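**Q** Starting from the given sequences, assemble the full structure and let the hints guide the process.
From first to last, the protein sequence lines stand for chains A and B. At position 3 of the first sequence the residue is numbered 2 (numbering that gives the first Met the number 0), and the sequence of numbers has no breaks. At position 89 of the second sequence the residue is numbered 88 (numbering that gives the first Met the number 0), and the sequence of numbers has no breaks.
Quick caveat, the hints were computed from the structure, so don't treat them as lab data. It should be emphasised that the depicted structure is a prediction, and the values quoted were computed from it without experimental measurement. All C-beta atoms, glycine included, are put in the ideal place defined by N, C-alpha and C.
Quick list of simulated restraints, FRET-style, between CB atoms:
1. R107/A x R117/B: 19 to 29 Å
2. V118/B x T2/A: 37 to 47 Å
3. V119/A x M114/B: 34 to 44 Å
4. M114/B x R88/A: 29 to 39 Å
5. G31/B x M77/A: 21 to 31 Å
6. R120/A x Y112/B: 33 to 43 Å
7. L117/A x R82/B: 37 to 47 Å
8. R97/A x R97/B: 22 to 32 Å
9. P121/A x G57/B: 15 to 25 Å
10. A60/A x G57/B: 13 to 23 Å
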Amino acid sequence: MTTMPPYASMLGLVRSGATFTMPFSSHLIGSPGRLHGGAVAGLMEIAANVLVRDAVDEPEAALKPVNVTVDYLREGTMEDTHAEAFIMRIGRRVANVRVEAWQGDRKRLIAAARLNLLIVRPTPAAELPG
Amino acid sequence: MNERLLDDTGRMQRFVDRFMSAVPHLQALGIGYVQSGSNWAELRMPYASQLVAYPETGVIASGAIFSLMDSAAGFSVFVTMGRFEPHATLDLRCDYLRPARPGEAVVGRAECYKMTKRVAFVRGIAHDGDPEHPIAHVAGTFMLTGAK
Numbered sequence: 000m001t002t003m004p005p006y007a008s009m010l011g012l013v014r015s016g017a018t019f020t021m022p023f024s025s026h027l028i029g030s031p032g033r034l035h036g037g038a039v040a041g042l043m044e045i046a047a048n049v050l051v052r053d054a055v056d057e058p059e060a061a062l063k064p065v066n067v068t069v070d071y072l073r074e075g076t077m078e079d080t081h082a083e084a085f086i087m088r089i090g091r092r093v094a095n096v097r098v099e100a101w102q103g104d105r106k107r108l109i110a111a112a113r114l115n116l117l118i119v120r121p122t123p124a125a126e127l128p129g
Numbered sequence: 000m001n002e003r004l005l006d007d008t009g010r011m012q013r014f015v016d017r018f019m020s021a022v023p024h025l026q027a028l029g030i031g032y033v034q035s036g037s038n039w040a041e042l043r044m045p046y047a048s049q050l051v052a053y054p055e056t057g058v059i060a061s062g063a064i065f066s067l068m069d070s071a072a073g074f075s076v077f078v079t080m081g082r083f084e085p086h087a088t089l090d091l092r093c094d095y096l097r098p099a100r101p102g103e104a105v106v107g108r109a110e111c112y113k114m115t116k117r118v119a120f121v122r123g124i125a126h127d128g129d130p131e132h133p134i135a136h137v138a139g140t141f142m143l144t145g146a147k
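**A** Structure (C-alpha cells):
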C-alpha cells in the first residue's frame, strides 16, 4: 500500500480500494458553483500514480510523469468527486494509464484522462538474468 | 472593440482582482497574477510544502503544475476576449519535461493563439526561472459557453 503525498492531503483525497475520493471542499472551487479543473486533474493523476506504484514489483523504482491529457466531459459540481485508474499496459519502462472521474453517478463521467508514466528501475533490463 | 475592458491599467487591475478573488482554488495553491498582454497571461505559483508529491526530494506534484497551467490558459482566453465570458476547459494536455526545482516558484505562461466563435485554442509553458528551460509544455482547448 502506497502512502499518499502532501499534495494529495491538500486535495483531501481518501482511498477506498481502487477508488479515490476528493470530498467537496470550498478551496477546490474554480468558478462559482464549479470545481477547478486542475483539482480534478490532480485527483486523477494521483489515482494513476498510486495504482502504478502498487503494480510495480520493485519498491526502489521511481515513477516520473511523462504527460497527461484530460478531457473535461461535464462540469464538476460542488459534490464529492471519485476517480478510478486503469492500467492499459505496464512494461519495464512505461505504464500507460487511463482514469475516469465521476460524481454522483458512476456512469456519468465528468472527466477522463490518459497518462504515461516512466518507470525508472534501479536494475537496468540488460543486467537481468534471462 | 474600443470598449475593451482591459485597455487601461486601473481596469486591468480590477479585472485581475475580480478574477483572483473568484477562484478559491487559486488562493489555496497561492497562485498570483504576474502580467498579461493582448492574448497571453502569466501566473506564478510559489513553492510550498503542501504542493510536494515526492517528500524525499521535495519535488512538487505535476498536478499542481497542471492547475497552474489550466488557470493561466483560462486567463489568456479572458484577456483575448477582453471580458469575463464564461468558458470551460474542453481538454488540456501537459507534457512534463523535467521536475520543478525544489524551493523555486513556478511561472505559467499561456497564450490564446486562435479564437473562433465557440472554441479557444491555447498553448503555454511552465518554468522555474528560465523560460528557455521549461518544466512543462501545455496545449488545450476551451469552449466559450456563453456563445449562442
